[in-house]
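J.: Given next are the chains, with one letter for each unit.
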Amino acid sequence: MSIPYFAEEIPGKRVIMLGNEAIARGILEAGVVIGAGYPGTPSSEILDTLAKMKPYYPHLNIEWSINEKVGFEVAYGGSISNARSVAVMKHVGLNVASDAFMTACYAGARGGMVVVSADDPNCFSSQNEQDNRYFGLHALIPVFEPSTVQEAKDLIKYAFEFSEEHHTIVLFRTTTRLNHGRGDVILGEIQNIDRPYGFDWDRARWVCLPSHSRVLRTKLLERFEKISNLADEFPFNSLKLSSEKINGIRYGFIAAGIPYAQLIDTLIDFGLENKVSILKLGMVYPPPKKLIRKLLSSVDKILVVEELEPILENILKQLTYENKLVNEVEIHGKDYFPQQGEFSGEIYLEKVASFIGIEYKKNVIPDIKISLPPRLPVLCPGCSHRSTFYAITLLEKELKLKFINSSDIGCYTLAVYKPLECVDTEICMGGSIGLANGFAKIHSTENPILAILGDSTFFHSGIPALINAVYNQNNLLVVILDNRSTSMTGFQDNPGTGIKITKEPGTRVVIEELVRGCGVPPENIWVEDSYNLNKMVEKLREALKAQGVRVFISRHLCSLLEEKEFRSKQIQIPVVKVDPSKCKGCLICVNQFGCPALSFNKEEKKAIINQEICRGCKVCISVCQYDAIYEEIN
Amino acid sequence: MVIQINKGPDNWTIEKKRFSVLNVGVGGQGIIRTTQILAWAALMDGYQVRTAETHGMAQRGGSVSAYIRFGPEVASPLIPKGQVDIILAFEISEALRVFNFSGPNTYFFVNNKIIIPPMVNQMGFKYPSNEILCQQLKNLHYNTYFFDADKLALKAGTSKALNIVMLGIILGSDKLPIKEDSLKHSILRFIPKKSQEVNRIAFQLGIEKGKSIRRDLL
Chain A
1 MSIPYFAEEI
11 PGKRVIMLGN
21 EAIARGILEA
31 GVVIGAGYPG
41 TPSSEILDTL
51 AKMKPYYPHL
61 NIEWSINEKV
71 GFEVAYGGSI
81 SNARSVAVMK
91 HVGLNVASDA
101 FMTACYAGAR
111 GGMVVVSADD
121 PNCFSSQNEQ
131 DNRYFGLHAL
141 IPVFEPSTVQ
151 EAKDLIKYAF
161 EFSEEHHTIV
171 LFRTTTRLNH
181 GRGDVILGEI
191 QNIDRPYGFD
201 WDRARWVCLP
211 SHSRVLRTKL
221 LERFEKISNL
231 ADEFPFNSLK
241 LSSEKINGIR
251 YGFIAAGIPY
261 AQLIDTLIDF
271 GLENKVSILK
281 LGMVYPPPKK
291 LIRKLLSSVD
301 KILVVEELEP
311 ILENILKQLT
321 YENKLVNEVE
331 IHGKDYFPQQ
341 GEFSGEIYLE
351 KVASFIGIEY
361 KKNVIPDIKI
371 SLPPRLPVLC
381 PGCSHRSTFY
391 AITLLEKELK
401 LKFINSSDIG
411 CYTLAVYKPL
421 ECVDTEICMG
431 GSIGLANGFA
441 KIHSTENPIL
451 AILGDSTFFH
461 SGIPALINAV
471 YNQNNLLVVI
481 LDNRSTSMTG
491 FQDNPGTGIK
501 ITKEPGTRVV
511 IEELVRGCGV
521 PPENIWVEDS
531 YNLNKMVEKL
541 REALKAQGVR
551 VFISRHLCSL
561 LEEKEFRSKQ
571 IQIPVVKVDP
581 SKCKGCLICV
591 NQFGCPALSF
601 NKEEKKAIIN
611 QEICRGCKVC
621 ISVCQYDAIY
631 EEIN
Chain B
1 MVIQINKGPD
11 NWTIEKKRFS
21 VLNVGVGGQG
31 IIRTTQILAW
41 AALMDGYQVR
51 TAETHGMAQR
61 GGSVSAYIRF
71 GPEVASPLIP
81 KGQVDIILAF
91 EISEALRVFN
101 FSGPNTYFFV
111 NNKIIIPPMV
121 NQMGFKYPSN
131 EILCQQLKNL
141 HYNTYFFDAD
151 KLALKAGTSK
161 ALNIVMLGII
171 LGSDKLPIKE
181 DSLKHSILRF
191 IPKKSQEVNR
201 IAFQLGIEKG
211 KSIRRDLL
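If you read the sequences in order, they're chains A and B.
Quick note: the first sequence uses this note's numbering, first residue 1, plus one each step.
Quick note: the second sequence uses this note's numbering, first residue 1, plus one each step.
Keep in mind the hints are simulated off the structure, nothing from the lab.
Please note: incorrect hints may appear among the correct ones.
[As the list claims (entries may be wrong)] With a straight-line Cα cutoff of 27 angstroms, these simulated BS3-like cross-link-like pairs (lysine-lysine) come out:
| hint | chain 1 | residue 1 | chain 2 | residue 2 |
| --- | --- | --- | --- | --- |
| 1 | B | K194 | A | K362 |
| 2 | A | K361 | B | K184 |
| 3 | A | K52 | B | K17 |
| 4 | B | K194 | A | K503 |
| 5 | A | K275 | A | K289 |
| 6 | B | K184 | A | K13 |
[Claimed, not checked] These stretches of chain A come out as covered by chain B in the derived footprint (C-beta under 8 angstroms, 3 or more residues):
| hint | stretch |
| --- | --- |
| 7 | 425-432 |
| 8 | 495-509 |
By construction, the Cβ of each residue, glycine as well, lies at the ideal position given by its N, Cα and C atoms.
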């Protein structure tokens with residue numbers, strides 16, 4: 001197999017890269033040794049790409065850790081041992097890692113240490129759109145943010161050098177459009193860090209107990225002040241001043257990241273690129289105070305262009321006050337741009353035009369006379385989760401009880417939609433069992449409490465909450481949807497598969513053994529194949545009727561992965577059909593089970609199976625009460 | 001440096017700083033790969049390239065869209081509404097969903113196929129028919145061209161070559177300012193050896209179709 005383009009050792013070569021590939025490339029070029037983290041959109045391809053580089057660069061030590069906190073700690077262990085290290089996660093992952101992160105920022109970095117936080121304005125695939133630049137203000141460390149794919153590669157490479165030189169952890173913040181956008185990139189040289197790695201017995205630095213932490217805090221503040229003073233010379237910050245006036249007013253802009261890229265093209269569209277002053281930041285925190293002072297004293301009005309929170313805007317307002325320029329210059333930001341979501345291309349045109357007072361004709365769009373129902377993502381044909389949720393709905397009807405379905409982060413959250421509607425709460429990774437612990441203290445047996453989560457999510461942060469339920473005797477049923485994959489983020493492996501990120505064998509952790517180890521008695525643990533609907537209903541019924549902490553493990557490989565496996569092993573996918581002479585047109589399979597491969601022929605009043613997308617899971621055979629669905633065997 | 005685009009049958013040209021394409025369709029139709037192929041082709045032509053893509057929904061039946069912009073100097077990946085040069089729609093209702101991105105100079109290239117989302121009926125919605133959607137698009141925009149790219153892909157030998165047919169069509173239409181050789185090389189980059197012949201035929205069928213459309217273009 002030929003070497004992938006992102007791993008080639010040809011400096012100067014121009015290639016197209018996905019933002020996340022470019023970040024991985026920058027990490028490789030920086031001579032990083034350890035990369036760890038947990039998959040999460042839009043960050044997942046970074047470690048996946050690094051793992052694909054490993055065959056060509058054996059010094060790379062890449063892993064999927066059990067969660068972001070452990071991932072951070074793994075990387076930090078590398079940094080303490082003088083190796084360049086990176087921890088990669090999505091924005092909410094940093095919440096999980098923040099316990100370790102906040103204190104590690106006191107002790108700082110030995111080997112270059114960068115934390116990649118992939119933020120998601122607009123919640124394209126996240127539960128919130130928090131702005132992780134705040135973690136820089138919170139932890140007193142520098143925050144870098146690239147505005148193009150090329151800059152992503154170059155800036156993260158530089159971040160390791162910067163981290164080492166100033167003994168600080170660097171937060172590398174990106175947003176979805178950078179991670180999941182492509183751009184032209186010129187490959188750089190792959191650095192060979194030739195130095196001994198080894199532990200450092202400096203207990204005063206690495207043991208963060210009160211007497212040490214007070215000293216470390218002083219050092220942190222000194223370090224941060226030094227970095228603040230260097231911000232003006234930071235090579236990825238730049239100030240372009242213009243003394244031109246537009247209608248008698250001098251205008252200035254401040255931006256970073258994707259908003260900077262969008263702003264530049266917007267200014268070009270209006271022919272303004274050389275008529276206004278622009279401060280571009282590659283280090284979004286701490287701010288370059290001298291550059292800002294220069295800008296403040298060179299223009300009359302400034303517009304801060306930043307998505308989400310008004311962080312730069314507030315800093316700017318503070319500096320305007322400190323420089324006694326409050327009466328000289330106007331600062332604008334969130335009075336023009338929204339504090340929510342991603343800025344679309346035309347928002348820039350509209351707001352820049354209204355800021356400068358020039359005409360902008362909005363694109364007039366004729367009315368579309370028909371309404372298009374949304375095309376929502378759904379559980380796939382053959383999805384093992386669908387079958388488990390269907391079993392739960394059957395039992396809800398049979399027992400005439402209303403369940404509280406506390407669910408979690410993963411593909412299975414899609415069961416919130418019709419027809420399954422089996423998700424009642426979802427806030428964060430592992431939160432299903434945690435919340436269920438609380439519900440168990442309030443609700444009676446009239447409302448059986450189910451905590452429903454996937455295999456990887458259970459490993460990530462479900463385990464402590466399960467032990468909590470056992471210890472405190474909170475009466476609940478945990479349903480682990482073990483599809484042997486972290487599917488939503490791109491089918492990453494996890495301890496349940498025992499395969500490492502590099503596809504090398506690791507040690508498999510068996511969920512039922514783990515659950516027993518958490519203190520759940522063996523008679524309260526059930527395991528069943530998700531495709532065996534009848535057996536599943538039987539065992540779930542038992543589990544629902546039992547008392548105490550119970551765990552039901554529904555296991556079947558993710559249907560997308562199984563299909564791939566069948567194809568590579570040339571296994572015939574079962575052919576499942578509807579016998580029209582037996583189908584009564586009751587619509588249960590279509591309207592209640594709801595597999596996308598099933599539909600209804602209105603003229604003939606019969607269900608039909610779309611053979612193009614049917615995965616041959618055969619679950620619908622058990623769903624049908626009239627034996628109208630069968631497997632065709634030839 | 002600017003991009004020269006042939007516009008209209010008289011071959012008079014317009015000049016542009018950047019060229020913008022919006023690829024839309026349903027997860028699994030190859031929208032991301034199409035964008036990747038276009039990006040490499042534009043790179044070979046010496047342009048700067050920016051894309052923005054929907055990831056993650058690809059295999060779960062959701063709407064997928066991908067922006068691509070290229071030109072001598074491009075910074076921004078997101079295309080302002082009204083500035084799209086080509087909307088390449090793999091599915092007809094998805095073309096209508098992004099209708100508000102079109103402007104007077106936009107060309108719509110639409111695969112005349114409808115994919116009804118699962119669960120639409122169960123959710124109490126009614127999905128409009130293919131005919132109604134076609135009519136709407138035609139009424140709304142004079143530069144709208146329909147074709148059956150799925151049929152051409154099957155004719156070439158595999159339904160999977162749909163995106164290669166689509167690329168052939170916009171190239172053949174003469175509305176895409178990218179060299180045929182660059183696009184061809186870029187396609188081959190992503191196709192395993194054993195499927196190259198099928199895809200070569202698919203590309204050619206697409207180009208032929210595009211040429212026939214070119215005659216109708218305004």
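J.: Does each hint hold? Answer for all of them.
T.: Each hint, compared with the structure:
Pair hint K194 (chain B) plus K362 (chain A) does not hold up; C-alpha atoms about 49 angstroms apart against a cutoff of 27 angstroms. For the hint pairing K361 (chain A) with K184 (chain B), the CA-to-CA distance comes to about 39 angstroms; that exceeds 27 angstroms, so the pair is violated. Among the hinted pairs, K52 (chain A) with K17 (chain B) is inconsistent with the structure: their alpha-carbon atoms are about 37 angstroms apart, more than 27 angstroms. Only pairs whose Cα atoms come within 27 angstroms are accepted, and K194 (chain B) paired with K503 (chain A) is accepted, the gap being roughly 25 angstroms.
With a C-alpha separation of about 23 angstroms, the suggested pairing of K275 (chain A) with K289 (chain A) holds against the 27 angstroms cut-off. Pair hint K184 (chain B) plus K13 (chain A) holds up; C-alpha atoms about 20 angstroms apart against a cutoff of 27 angstroms. With a threshold of 8 angstroms between beta carbons, the proposed coverage of the stretch 425-432 of chain A by chain B is violated, since 0 of its residues qualify and at least three are required. For the stretch 495-509 of chain A, the stated coverage by chain B is violated: 0 residues have a C-beta nearer than 8 angstroms to a C-beta of that chain, whereas at least 3 were required.
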